[in-house]
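Peer 1: Chain by chain, the residues:
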Amino acid sequence: MNGDTAYSEETERFRVASVEFSHLSIETGHFYMKDLRNGHDAIRAQFRQVAQLVDLHTALTKSEFGTSARISTCFLIDDYFDPNTDPAEILGKILGIADECGLRIDYLAREAGCWETPTYVDGQQTGQQLQLAEMVRSWMVPEPLQDTTGRRPPDVASGWLCNGRRSSDRDLAEAMKVVEYRPSEELGRREHSVFLDVEMWNTQIGEDGEEHTRWSCPFLAAIWQLLRLGMVRHEGRAVVQPQPRGNEWPESWWEMPAVVQLNPKAAPFAAYRALSILPQNYLTIEHGVRTILEHVRIDEEVLTQTVKRGAAEQITIPQETAQRLSHYFIDEVIRRRSGVPVDGAHYAR
Amino acid sequence: MPDDAVGPPGSALAVLGEIHTCLLPSSAVLDTPAIVELLSGVQPGSTITSRERPVPLVISPSRIEGVDCYLIPVSGRRIHVIGTVASHAVVTGGRVLQSSSQTRVMRSQESSRQPWSHYLSRPGTIDAISRLGTEPARRLADGHLGSSGPQQLDLTSITQRMSTFIRVDPELDQNMPFHAGTTRLRWAIEVDCDENTVPRFSFRLDNSETLRSVRLTVADRDIAAAQRFCEDLALHDWLLTAIGQAANRFGPHTQAADTVLNQLAPVLDQLVPLWMPGAHTPPGLRRPWSDLEADPGFTRQWTARVGQLRDRMTTATLQVLHTKIPSSDLW
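The listed protein sequences derive, respectively, from chains G and W.
Residues in the first sequence are numbered from 1 upward in steps of one, following this note's numbering.
Residues in the second sequence are numbered from 1001 upward in steps of one, following this note's numbering.
In case anyone wonders, no lab produced these hints; they're calculated from the structure.
C-beta atoms are modelled at their ideal positions from N, C-alpha and C, and glycine is treated no differently.
There's no promise every hint is true.
[As the list claims (entries may be wrong)] Sample of chain G residues at the chain W side, in silico, Cβ under 10 Å:
| no. | residue |
| --- | --- |
| 1 | VAL16 |
| 2 | GLU143 |
| 3 | LEU145 |
| 4 | THR148 |
| 5 | VAL239 |
| 6 | GLU301 |
| 7 | VAL302 |
| 8 | PRO318 |
| 9 | GLU320 |
| 10 | GLN323 |
[Stated by the list, open to error] Computed Cβ-Cβ distance ranges for the label pairs, DEER-style:
| no. | chain 1 | residue 1 | chain 2 | residue 2 | range |
| --- | --- | --- | --- | --- | --- |
| 11 | G | SER63 | W | GLY1146 | 56 to 62 Å |
| 12 | G | GLY206 | W | SER1040 | 25 to 31 Å |
| 13 | W | ASN1248 | G | HIS212 | 48 to 54 Å |
| 14 | W | THR1210 | G | GLN129 | 43 to 49 Å |
| 15 | W | PRO1025 | G | GLN323 | 41 to 47 Å |
Assemble the whole structure, with the sequences as input and the hints as a guide.
Peer 2: Pasting the structure below:
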């Protein structure tokens, strides 16, 4: 064979768009929409703590990767569960308080953008929505129990995901025979189980009488973390393309891009590492998020590309997505400033 | 050979697979964009690979599913494995559908189950948790081609599901221009830790109609090429089987001549251009093809079958003409 002859075709090779990576992405707190509608003090108290933590983690990252380390910050708006709010009012409040607290927010994202995300070509919205949650659902690979040979199809339809084997109650209901109770168990545990069963979605009948899927907060948050880690492509194309901020906010959330770039000089949105600084009541949600991420199969080409990119910067990127994710759960101990009352706090006057 | 003398950690001991080949259930040959659309549901979001030359070939990305079961080596104790099986679909010439599943058997670094993310980060591999004994690669490869049991890895069902997933797509009209059965090809690779090993190969018809077995010994670097070789071989074996079935169905004097013409024309039109043994086999695995051409002589058999069907077509054409053209007495 002639060693100089090589035939190839363009479509033969995988074409996966590369995305830019920061060293660290920091999620700067989170609120339910109802908290955003209410007073300012809770937001201010959280943002003050977050601002200090951002400074701390920025310093840590620079000491690890050098002073030119790329660090971006982001904030996720809960517009999926409470869409009927005014973006201008809510964003004016959040960004105003963040500014006042010295908290820099580089990117603003919408949680509903993790469900369906507007697509762009050359910065222009195409009017098409990518069904992101539906796509990530198809990437879920349930963990097999013992004696899973492949004979039966995997059970993914229920909308629930657990980290092990459910108790025998379910078997009893199915088989109607009395067997000794067997508790739930975690698979891959060291000795004792911490069993978790996460609801990823359910099916609801809408006002139009049609069935539709209602995605859970942990499932959408898992997609959010995948986006921050640069692990999502659609047919090779990057899914998140942060769009510049317009002159004014639209009247409804769905008219906004999934991710808005507030700071034109920001480091890339996606990062090798993602840190979420969150109130502590999000611990269970994030446990669910991690469990979901441990069952999501990432496209090998995307993963390989990321690992290579890291290696070019002398950084080892683990294959397992959740190992690139860390959390900081803030407590609610607040130092009162002298003479400044705290909203809703019951203290002796 | 002692248990620990087979390959470095992280290399596969054996690769086990199965391929089901059938006619795409559609009345027309589909073009590449239609096939790309058809295969896009296998793993939404991932890219599809296609080639136009020498014959259009579209390969879906792989989908994986988890297994926790046993492998039964040809001798010795059964081996507990945990991990995933990868399956994909291949459409050749817009006409032939293959579903193909495989998994690489790895030596586990741990003797107990790992968190699921460990297995997901290495899709299409299974870790052997049990002790492997001597010559595990050979015994596992031979065992896969042997009998099956209830707790044993069931690649047939997994491969069948992938095939069904594609076949029931509403874009396919389910009208096939001619009848052709499904063939199953089981394959097993024994991975030789000698990187310079020359591929060794055997092919067996277990059941003349539907089941075939392929046994290969290759170096680790040739595994992907060997998988592709098995798919290429399965396709050509199916083509031979399908054309053989057609030849049997349309033997002399069995059908009315115009029925023969209507049914044989699409067989010849649509299947003959697909015969390109080794066209989609990577260079490292082309030698088994030349061996197959020597014995049993794949292309010889194909050419003979095609010739037989063309003769039958000619005869049928003459019969039809004879009944339609007025007799020469009238001239």
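Peer 1: Classify the hint on G:GLU301 as holds or violated, based on whether any CB of chain W lies nearer than 10 Å to its CB.
Peer 2: Check passed: Cβ of G:GLU301 comes within 7 Å of chain W, closer than 10 Å.
Peer 1: Taking the closest Cβ pair, is G:GLU143 under 10 Å from chain W?
Peer 2: At 4 Å from the nearest chain W Cβ, G:GLU143 passes the 10 Å test, so the hint holds.
Peer 1: Taking the least C-beta to C-beta distance, is G:LEU145 closer than 10 Å to chain W?
Peer 2: Cβ of G:LEU145 sits 6 Å from chain W, so the hint holds.
Peer 1: Go through the hint on G:VAL302 and say holds or violated, using the shortest Cβ distance to chain W against 10 Å.
Peer 2: holds, 9 Å
Peer 1: Evaluate the given range 25 to 31 Å for the C-beta pair formed by G:GLY206 and W:SER1040.
Peer 2: holds, 27 Å
Peer 1: With respect to the beta-carbon atoms only, verify the hint that W:ASN1248 and G:HIS212 lie 48 to 54 Å apart.
Peer 2: The hint (48 to 54 Å, Cβ to Cβ) holds, given that W:ASN1248 and G:HIS212 are roughly 52 Å apart.
Peer 1: Regarding G:SER63 and W:GLY1146, is the given constraint of 56 to 62 Å on their beta-carbon distance met?
Peer 2: Distance hint for G:SER63, W:GLY1146 holds at roughly 59 Å.
Peer 1: For the hint on G:VAL239, does the least C-beta distance to chain W fall short of 10 Å?
Peer 2: holds, 8 Å
Peer 1: Hint validation: G:VAL16 versus chain W, beta carbon distance must be below 10 Å. Holds or violated?
Peer 2: holds, 7 Å
Peer 1: How about G:THR148: closest beta carbon in chain W under 10 Å, or not?
Peer 2: holds, 5 Å
Peer 1: Quick one: are W:PRO1025 and G:GLN323 within 41 to 47 Å, going by C-beta?
Peer 2: holds, 44 Å
Peer 1: For the hint on G:GLU320, does the least C-beta distance to chain W fall short of 10 Å?
Peer 2: holds, 4 Å
Violation of the numbered hints given earlier is absent; every hint is satisfied by the structure.
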